[in-house]
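Engineer: One-letter residues, chain by chain:
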Amino acid sequence: MTRWMIAAAAAALALTTSWAQAQEVKVGVALPYTGIGAEFAQLVDRGMELYLKLNADKVKPYKITLIKRDVKDPGGANAKIAVQELLTQDNVDILAGWIYSPNAIASAPIVSAGKKLAVIMNAGTAHITNMSPYYVRTSFSMWHAGYAMGEAAAKLLNAKTAVVGYTDFPPGKDSLAAFKKSFEAVGGKVIDEIPMGGAGAVPDFTPFFQRAKDKKPDVFFVFVPAGDHAAAVVKTYAALGMRDAGIKLIGPGDITQDTKLQAMGAAAVGLITMHHYHADLDIPENKRFVEAWKKEYGAATTPDFMAVGGYDGMAAIVHVVQTLRGKIDADKALEALKGWKFASPRGPISIDPVTRDIVMNEYLSEAVMKDGRVFQKVIGKIDGVKDACKEQKIGPCAGK
Amino acid sequence: MSAPLLETRALCRNFGALAAARDIDFRLEAGARHALIGPNGAGKTTFVNLLTGVVQPTTGAILMKGRDITGVAQAERVKLGIARTFQINRLFRRLSVLENVYIAVAERVGAAPSMFRPAGVRRDVVDESMQLLETLKLSGDAARRISELPYGRQRLVELAIALALRPEVLLLDEPAAGVPSAESHIILDAIDGLPRDIGVLIIDHDMDLVFRFAERITVMVSGAVFATGSPREIAADAEVRAVYLGRTGHG
Amino acid sequence: MIAGVDIASMLLGGVAAGMVLFIVSVGLSVTMGLMGFVNLAHGGFAMLGGYAIALAMKHWGFGFVSALVFGFVVTAAASAVLERLLYARLYGADELDQVLFTIGLVFMIIASVTLLIGPENQPLALPSFLRGQINLGIIQYRAYSVVLIAIGIVIVGALWLGFERTRLGAQIRAAVDNRRMAESLGINIARLFTITFAFGSGMAALGGGLGAEFLGLDPQYALKYLVYFLIVVAVGGLGRVTGVFYAALLIGVLDFALKKYVPQGGTAFIYALTILLLLWRPQGLFGAKAT
Amino acid sequence: MTEPLDHPAARALAERHRLRPWEAIPWLLALGFYFAFPKHLGFGTELLVTVLFALSLDLVLGYAGIVTLGQAAFFGAGAYTVGILAKQGIWTEPITGLILAALVAAAVGLGSGLVLLRTQGLTLLMLTLCTMALLEEAANLAHDYTGGFDGLDSLPIAPLLGRFEFNPLYPTTQYLYVLVVLFVCFVFVRTLVYSPFGQSLRGIRENMLRMHAVGAPVRGRLVLCYTLSAAIAGIAGGIWAQANAYVNLGTLGLDRAATVLIILVLGGHGRLYGAFIGAVAYMVLSHFLAKIYPTAWQLGLGLLLVVIALFARNGILGIVAALGRRPAPRATS
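Protein chains in written order, with our numbering: chain F, 1 to 400; chain S, 1001 to 1251; chain X, 2001 to 2291; chain V, 3001 to 3333.
Excised from the complex, chain F in its bound form (with noise of 0.2 Å):
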């Protein structure tokens, strides 16, 4: 008896305040957040809060929620019933998220039929944004740092030959492909491309990279997951001996993600990487942005692209609730967006208002030793990169 009374007090109490305070804005968070994306989710999951508590006077006078839901792992079944949920049964306004391209591309029939805007913060797989028109990424695609990256190698390192090495799954053949497109584009030549196992597990690359090494290429350019694969590619490249044989191990900004740099230690210097964000960029709202992490995560800790995407993706969400003043729908939502402009810690960026894909300055880094860390000098800089898969309308990139 007394229960029914309480839930019905609190009913009441829930609808006059709700009238009286702020509108709440729901947001549905997919993310792995345990088995091997675990690392990840954690990190944009930081990116997300940080933003939120950073400009807490910039939500105001809206009230941001957000709902988070584990997708477990990249499978994409687990993704869609958890997208599903979310929009079924939370009923939220905004869903975001997507670590994984499969996870992504599995839950874009549910995107459409939900009619909700989609902030995706990492999944990398360029033609996704094509897969719903409720898809906005605030990340990267794979073509972004692999086409810049290209003709860099053959441009600013003279390379002439190169060998991919690249992790058997839809962004590493993306990489693979934006890469030799325009490497090859300026004279280079691609002698070998190597699949090196799948996301899943982190091989023992030895096998991989002896073969690269046979084969003497001025450049070996290497796609892999950020995280664990990438520290064990450091690892072996500098344990085979490739730097003294005058092999240069370049690739996107994945393989010298923040989290895992200053434990490659020594391994890594030398290391040049195209990527749109690290932790070392001279940018005053990057300053900003590492101190604030350091001091809400410990100072051990830093973020890294991962953490820049839900960062920034937060801040596009945060700009839509603002516009369309806390009611939230979704074509107006990508109206909002459209050509929308921020400045953060990895530069300016903005979203383009055909793709609904980021575009963003790229950076072209060498990682030195300084002052005892490994640190990431930026020697080259491209802006306002737009993914060339959708600019250049590529195999699935063309659409429909």
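Simulated from the structure, these hints should not be mistaken for laboratory data.
Idealized CB from N, CA, C, for every residue including glycine.
Be aware that one or more of the hints could be misleading.
Computed far set for chain S versus chain V, every beta-carbon distance over 10 Å [unchecked claim]:
#1 Pro1004
#2 Ala1010
#3 Phe1015
#4 Glu1029
#5 Ala1032
#6 Val1078
#7 Lys1079
#8 Arg1094
#9 Ser1096
#10 Glu1107
#11 Leu1188
Listed next, the in silico EDC-like pairs over lysine to aspartate or glutamate satisfying Cα-Cα at most 16 Å (straight line) [unchecked claim]:
#12 Lys3039(V) <-> Glu335(F)
#13 Lys2224(X) <-> Asp3255(V)
#14 Lys215(F) <-> Asp2006(X)
#15 Lys213(F) <-> Asp2094(X)
#16 Lys3291(V) <-> Glu291(F)
#17 Lys216(F) <-> Glu2183(X)
Residues of chain V clear of chain F, computed beta-carbon distances all greater than 12 Å [claimed, not checked]:
#18 Thr3096
#19 Leu3110
#20 Gly3111
#21 Leu3114
#22 Tyr3145
Assemble the complex: chain F is given as a structure, and chains S, X and V must be docked to it using the hints.
Structural biologist: For chains S, X and V alone, kept in the frame of chain F given last:
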């Protein structure tokens, strides 16, 4: 004279360097009550395994009623009428006694492949299984799981399964081993009650049982036939006494 | 154009990988052969041991070698406690109950490590003399691989001596072949199980630490390499130390060679190879023939 | 002397296939779920598919005693059959699609069963696992047909019976469709296990040597059982692909095969309803624990498995059975 029920010719089987069966020439006539004795490791169980097709001979032949069955698969030999019991119980431990016998009867009458009718609908199979249990005085335990039965009762189920196959040749590998003496008469009675035309080969160490049962005895030593004869001849054979009977004594 | 140097580098890399497989798997093989226990938590012990070694070096000032000893001892002791308290209850139980129990245990180990330490990879920094290259005359090669091969040879030698020349080893061999007989000879089976289990887990811990350079070290380690360990055990034959050794080397070298020369096939080769080997020799290459 | 059929044991055997009133409960609950939790039908559909998949495993593992870690090979075969046919525009009708999925999966089961089922124990376990892994790798390499790692998405599945659309967001059609298919398959499996054939499978599980000795064609029976089980797993995979309009490599993966094994053993194998109990217990726990403690649910799940294995023996239904049976003297082995 017609061909014997079961016959082996120069049967050999080697396990690596070990000759478990050496040049065995053996005949089991229709209606025979034949015993196979010999010290441990003489190759008696291997011989049964050769006869039933569990083990393939290295050389030599096995004939049933004159037909060469050396290459015939185990299941086919059962269909031809060769059944056995095992030295150590090999039963369906988590099934009931009735189900144990049901499985064997169902195989014999060809009911087992039936997939779309409930097992209980085959009343004939259930009836026959129950009757068999009745004759072995097992019907009181019909609903119990094998794993709940004392070992001696399990031995009887071993026998029941073999009988359910209505064999022409019955190979009994130490049927009374582990059975309390108070119950062993049930097994002996059951063997005595078998149709006369079945050929029975019994392996046992229990000389009382062997001499009570057998009309003919074969002695095996080190994988080879050492002697064959009537119980009286075997009992009188000095060499047999020397290598076997004298050493182990009775029981 | 496969030169001698290529073959040498392939063999060195493959044998080194095989050594890691061997060191982790040998305990699994012996526990499965001896106790008939399907211990899917074995990879969990390897992971725990690896963590103990990594943390000892990072936070408690251990050197590499003393950390390895520390990891071995800690893991062996912890597993002995688990064996007495929990595993022993399931000896002789349905193997599916054993599977359920050990999978549950792996989940708990993974979740606990994730909660207490975090989901990320634990870097295990090798001492400087083990990094870089070493000159072997005909070939420059990764120093650590060479050292690992040496360690592996020492371990297999010691294990072989232990199995063949000590009383305990003889007891274990007897119990693997015929447990009932061993029991009737007055061997204390329960004690033997505990010692073997603890030792096998300790070996797994060593493997976790020594192999971290190749396989990394994170909570998922407990499951993601389990299939490889099981393949080695199945191919080598249950309870056979030398069998596991040869199987690990075989799998290690073939896996390495196939990945190097035909990377397009992905991991398919190793599975195909295992299928063929097991169809050819169902009891494993060195297992006892079924009777 | 009493008439044989009057004996309680004979009567029990003759009547054990009769339906008991409580057997209606799972189906009533499943229908009730439809009305009570319209927002959870996505989860409900996944749950029902898992029950069907676990049921297929129960047939081989629980009844014939084949311990396999490769059951997802057939789930995947069925799923890819539906997926590829739909994506290529060859076949989109759901019910006939399921029949095709069953046939393809059965063919895979027959082929692999003929080769693998001569082995047992750890060897068989590893062989089934490696066969599945090979198929997964093949699906990854046959990128042009299977979509590789991406899988095949947005499958055009025709409306059920020409009328009922599969709505991705509110899967009411999917739920009822899966429920009906599960029911049909369940009736099939139930009939099978109570038949003389099912009885002989139990015999093989309990003592293969003895089955040889009673003249049973053991390999043939096992292969047949394996093939039928593969067909049902193929239906589970096919219907999963239809319900989600999606297939990917995860349908063929070790995760799926291991999870279904855990589910069945947790519920109790060789008991038909173990698949139901196990799937509900596992999925509800992992689903809701994962919501409340996204980073710690695995700990609770692991603890549950350990406790069940240590104290229940043969799963949750093992407890029920042990409570139901009068205490028997413990068998010594």
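Engineer: State for each hint whether it applies.
Structural biologist: Hint by hint, here is what the structure shows:
no. : hint                      : in the structure
1   : Pro1004                   : holds, 22 Å
2   : Ala1010                   : holds, 26 Å
3   : Phe1015                   : holds, 18 Å
4   : Glu1029                   : holds, 23 Å
5   : Ala1032                   : holds, 21 Å
6   : Val1078                   : violated, 3 Å
7   : Lys1079                   : violated, 5 Å
8   : Arg1094                   : violated, 6 Å
9   : Ser1096                   : violated, 6 Å
10  : Glu1107                   : violated, 5 Å
11  : Leu1188                   : holds, 22 Å
12  : Lys3039(V) <-> Glu335(F)  : violated, 30 Å
13  : Lys2224(X) <-> Asp3255(V) : holds, 10 Å
14  : Lys215(F) <-> Asp2006(X)  : holds, 12 Å
15  : Lys213(F) <-> Asp2094(X)  : violated, 51 Å
16  : Lys3291(V) <-> Glu291(F)  : violated, 32 Å
17  : Lys216(F) <-> Glu2183(X)  : violated, 62 Å
18  : Thr3096                   : holds, 23 Å
19  : Leu3110                   : holds, 27 Å
20  : Gly3111                   : holds, 25 Å
21  : Leu3114                   : holds, 30 Å
22  : Tyr3145                   : holds, 15 Å
Figure legend: structure checked against the earlier numbered hints; hints not met, in rising order: 6, 7, 8, 9, 10, 12, 15, 16, 17.
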